[in-house]
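Sequence order for the protein chains is A and B. Each residue of the first sequence is one higher than the last, beginning at 2 in our numbering. Each residue of the second sequence is one higher than the last, beginning at 660 in our numbering.
Any given hint could turn out to be false.
If you want the footprint, here are the derived chain B segments under chain A, 3+ residues with CB under 8 Å [stated by the list, open to error]: (1) 725 to 733; (2) 798 to 810.
Away from chain A, derived, C-beta distances all over 12 Å, residues of chain B [claimed, not checked]: (3) E855; (4) I859; (5) A941; (6) M984; (7) I998; (8) L1058.
Under the rule of at most 20 Å between Cα atoms (straight-line distance), these lysine to any residue pairs were calculated in the SDA-like manner [to be verified]: (9) A:K3 - A:D30; (10) B:K806 - A:L22; (11) B:K792 - A:N224; (12) A:K235 - B:D716; (13) B:K696 - B:C667; (14) B:K1051 - B:R922; (15) B:K792 - A:L22; (16) A:K179 - A:N224; (17) B:K799 - A:D30; (18) A:K3 - A:I166; (19) B:K861 - B:G783; (20) B:K828 - A:R212; (21) B:K792 - A:E39; (22) B:K1051 - B:K1064; (23) B:K1064 - B:V782; (24) B:K799 - A:L37; (25) B:K696 - A:E121; (26) B:K861 - B:V797; (27) A:K179 - B:R832.
Just so you know, the hints here were simulated from the structure itself, not pulled from any lab data. In this text, all values refer to a predicted model and were calculated from it rather than measured experimentally. We put the beta carbon where it would ideally sit given N, CA and C, even for glycine.
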Amino acid sequence: MKPKVAFFDFASCEGCQLALLNCEEILLDLLTQVELVEFREALSETAPRYDIAFIEGSINREQDLLRLQDIRARSTFLVAMGACACNGNVQARANRIAPAENYRRVYGETDRNRVQTDPEFWPLWSHTRVRPVGEIVTVDFQLRGCPMVADEFLALVQSLLQGTIPHVPANAVCVECKMNENECVFDRGDTCMGQITWGGCHALCITQGYRCDGCRGLLPHANLEAHRALLREKGLSDTDIQHRYHLFGGTQTPFWEKSR
Amino acid sequence: MTLATLDCNIDIHHVTRVEGHGSIRINVREGVVEEVKLSIVEANRFFESFTRGMRPDEIPWIVGRICGICCVGHQLAATKAVEASQGIEVSPQTVLLRKMLNQSQFLQSHILHVYFLAIPDFVGAPSVLPLVKTHPEVVKRALRLKKLANDYTAVLGGRTLHPMANTLKGWRRLPDQEAIAQLRQRLQDALPDLHETVAIVKTLNIPPFERETEFVSLKHPDEYALYDGEIYSSDTRATVPVADYRQVTNEFTVPHSTSRWSRWHRDSYAVGALARVNNNFAQLGPEARQVAHDLGLRVPCFNPYMNNCAQVVEIIHCAHDSLAMMTTLLENGLREEPIDHQPREGQGAGAVEVPRGILFHEYTFDRDGRCCDANAIIPTSQNVNNIEQDMKAFVPRMLPLMSEKELTLNMEMLLRAYDPCISCAVHLLDVSFVK
Chain A
2 MKPKVAFFDF
12 ASCEGCQLAL
22 LNCEEILLDL
32 LTQVELVEFR
42 EALSETAPRY
52 DIAFIEGSIN
62 REQDLLRLQD
72 IRARSTFLVA
82 MGACACNGNV
92 QARANRIAPA
102 ENYRRVYGET
112 DRNRVQTDPE
122 FWPLWSHTRV
132 RPVGEIVTVD
142 FQLRGCPMVA
152 DEFLALVQSL
162 LQGTIPHVPA
172 NAVCVECKMN
182 ENECVFDRGD
192 TCMGQITWGG
202 CHALCITQGY
212 RCDGCRGLLP
222 HANLEAHRAL
232 LREKGLSDTD
242 IQHRYHLFGG
252 TQTPFWEKSR
Chain B
660 MTLATLDCNI
670 DIHHVTRVEG
680 HGSIRINVRE
690 GVVEEVKLSI
700 VEANRFFESF
710 TRGMRPDEIP
720 WIVGRICGIC
730 CVGHQLAATK
740 AVEASQGIEV
750 SPQTVLLRKM
760 LNQSQFLQSH
770 ILHVYFLAIP
780 DFVGAPSVLP
790 LVKTHPEVVK
800 RALRLKKLAN
810 DYTAVLGGRT
820 LHPMANTLKG
830 WRRLPDQEAI
840 AQLRQRLQDA
850 LPDLHETVAI
860 VKTLNIPPFE
870 RETEFVSLKH
880 PDEYALYDGE
890 IYSSDTRATV
900 PVADYRQVTN
910 EFTVPHSTSR
920 WSRWHRDSYA
930 VGALARVNNN
940 FAQLGPEARQ
950 VAHDLGLRVP
960 CFNPYMNNCA
970 QVVEIIHCAH
980 DSLAMMTTLL
990 ENGLREEPID
1000 HQPREGQGAG
1010 AVEVPRGILF
1020 HEYTFDRDGR
1030 CCDANAIIPT
1040 SQNVNNIEQD
1050 MKAFVPRMLP
1060 LMSEKELTLN
1070 MEMLLRAYDP
1080 CISCAVHLLD
1090 VSFVK
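In isolation and in its complexed conformation, chain A is listed as follows (with noise of 0.2 Å):
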């Protein structure tokens, strides 16, 4: 029988689903080796079990929580797919702001009391706090990156099927950057994240002409005192310093303590 996969959507963009359906040349073959099971970007089927739940998004209500509970009770392997489900990406931002400033920007005045008083709005509307998936069920393994490496994907899929644990090397994007001999970016004039950013991106976005905004999370054991002090001494600010992390760095918890 072959293996069930389903892919779920939360709160994000839904570019990590598109960066899949952009695998045209194998998404075929694909298919024939996997049951997709629910894709609702494509798909209206549902079923009951996954072997595999890709979760795409960040958990940003108590309501989704309880919907990626379901799916975690299950599924065999669940993969956190993309920047929002591994650590909240950009809109992880939003917890730097009360709950209700959030919503008084965005809708107004009004509409934010409504929000914030009538009973008739939750759960709906009961925003709590962008939550990466890992942070509410165990997650197996993480596709990082905004959007995903279609690359990385595939390897991961192929892995499962053959009954491996894939391997994903921790190394740093500024290696993959020397490998493919870019000017580095600080000789640019510019300031990077690449030293401290967990790689598997090929270095693109600086192969591509700009630099490294840390959106496929923090390597662990990065030295981030010495990449502050890089920073500072290329005449970043502390302020202008921790807003480079917090760009996309989430709810990354390092990145939170430094903030204080």
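Mind docking chain B on chain A? Use the hints.
Frame of chain A; chain B shown alone:
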């Protein structure tokens, strides 16, 4: 059996094959329609709140994350708005590159929508997957065309999703001219595939439903407006400047929900491919006008299901226009332009047409050059009121003629015809409770 004499409560929870989460609710009591409601249940993401504090050049890069499928459009609208706030003018080269980047997204998005989200309905399939077996040539063609459109975005923007090449004033890294020459050849070679797309859409049975409405789009004096222009209404046949977009969108809250909707000169208005084709038909390329003729799309067209045909017309228009732009670019060559910029105080709005309709962004920056106010009004939050009005007109008319199943399918198809992008709809939230 029809629904004409029944009590029924149709609740299409989490409509599939749209971007984001939405539901349709229809209540019928003794054959009378009591309620038709389109609910959006997407979680808030607060982009307009958390962009505060960002620098001008970060804004387009970050707000592209509002939506994966519309990332190019959000990036371009935001770039234009930020540039307006900073008093930045751009070169003709940059405008040409942006127009191409935008059209690459039109091709991507329209092809994905027509083949993956709409055609399965018309051939009676629950999704594109069964078509792999029944219509393999159609699926393979869809994937081929989509790959070409994705590569087009990647060559211009650096990658297909959340491209990073475009920034304030111009391009961080100019596209490779050899790659553009190859793309041009591939696009030329794909013209037969595109005309097969027209042929398949021609065979689809479009429901014969019409409701007159106001169509809103950009309008440009010299070209079919996709990247530049002023805001045009089919009701007044006149334009207003983009800076006055709030006069157009008039976002409001309706009593039964908390979602913000839009209206201009009447109860609701429509944006998107059909609105654009209706408003700017004469400026379409000759090939696209011919396709409109072949598909029976005569303007003004008031059948919302015909939006799928209008998308095909635009696919043909963008393909030919892109070929011409690629030729111009290859003839002129590309030269490096400075993109350095010192953030400053200011406020500005920008608009572009994106596949689902007109998109507005507006930003204000304080004395330190940090964002202190942001607003984005996306096509779906403008369309949702019009979709609901269509449903309210459709349901009572069809109640005596259709089964619950047929009615459900027709409502889902109607919603999908608009190609709503609920992920984008930061303003859009609706609550639906059984009374």
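Checked hints:
Counting residues of the segment 725 to 733 of chain B whose CB lies closer than 8 Å to any CB of chain A gives 5, which reaches the minimum of 3, so the coverage claim holds. Coverage of the segment 798 to 810 of chain B by chain A holds [criterion: at least 3 residues with CB-CB distance below 8 Å; count 7]. Separation of E855 (chain B) from chain A is adequate, the least Cβ-Cβ distance of about 17 Å exceeding the 12 Å criterion. Every beta carbon of chain A lies more than 12 Å from that of I859 (chain B), the smallest distance being close to 18 Å; the non-interface claim holds.
Separation of A941 (chain B) from chain A is adequate, the least Cβ-Cβ distance of about 34 Å exceeding the 12 Å criterion. With a cut of 12 Å on Cβ distances, M984 (chain B) stays outside the contact zone with chain A, its closest approach being about 21 Å. The beta carbon of I998 (chain B) is not kept farther than 12 Å from every beta carbon of chain A, the shortest such distance being approximately 10 Å. A cut-off of 12 Å between C-beta atoms confirms that L1058 (chain B) is not in contact with chain A; the least separation is 24 Å.
A distance of roughly 13 Å separates the Cα atoms of K3 (chain A) and D30 (chain A); the hinted pair therefore holds under the 20 Å criterion. Among the hinted pairs, K806 (chain B) with L22 (chain A) is consistent with the structure: their alpha-carbon atoms are about 10 Å apart, no more than 20 Å. This hinted pair does not check out: K792 (chain B) and N224 (chain A) have alpha carbons roughly 53 Å apart, beyond 20 Å. Proximity of K235 (chain A) to D716 (chain B) is assessed by CA-CA distance (about 19 Å); at most 20 Å being required, the pair is judged to hold.
Proposed proximity of K696 (chain B) and C667 (chain B) is supported: the alpha carbons are some 14 Å apart, at most 20 Å. About 16 Å separates the Cα atoms of K1051 (chain B) and R922 (chain B), which keeps this hinted pair within 20 Å; it holds. Simply put, K792 (chain B) and L22 (chain A) have alpha-carbon atoms about 18 Å apart, close enough for the 20 Å limit, and the pair holds. Between the alpha carbons of K179 (chain A) and N224 (chain A) the distance comes to roughly 19 Å, so the proposed pair stays at or under 20 Å and holds.
Between K799 (chain B) and D30 (chain A), the direct Cα distance comes to roughly 12 Å. Compliance with the 20 Å bound is thereby established for this hinted pair. Using a Cα cut-off of 20 Å, the hinted pair K3 (chain A) and I166 (chain A) holds, with the two alpha carbons roughly 19 Å apart. About 16 Å separates the Cα atoms of K861 (chain B) and G783 (chain B), which keeps this hinted pair within 20 Å; it holds. Between the alpha carbons of K828 (chain B) and R212 (chain A) the distance comes to roughly 17 Å, so the proposed pair stays at or under 20 Å and holds.
Straight-line distance between C-alpha atoms of K792 (chain B) and E39 (chain A) comes to about 19 Å, which keeps the hinted pair within the 20 Å bound. The hinted pair formed by K1051 (chain B) and K1064 (chain B) meets the criterion: a straight-line CA distance of about 17 Å does not exceed 20 Å. With a C-alpha separation of about 16 Å, the suggested pairing of K1064 (chain B) with V782 (chain B) holds against the 20 Å cut-off. Of the pairs offered as hints, the one joining K799 (chain B) and L37 (chain A) holds, with about 18 Å between alpha carbons and a cut-off of 20 Å not exceeded.
The straight-line distance between the Cα atoms of K696 (chain B) and E121 (chain A) is roughly 17 Å, inside the 20 Å bound, and the hint therefore holds. Distance restraint check for K861 (chain B) and V797 (chain B): the Cα-Cα separation of roughly 14 Å lies within the 20 Å cut-off, and the hinted pair is therefore satisfied. Distance hint between K179 (chain A) and R832 (chain B) is fulfilled; the C-alpha atoms sit about 18 Å from each other, no more than 20 Å.
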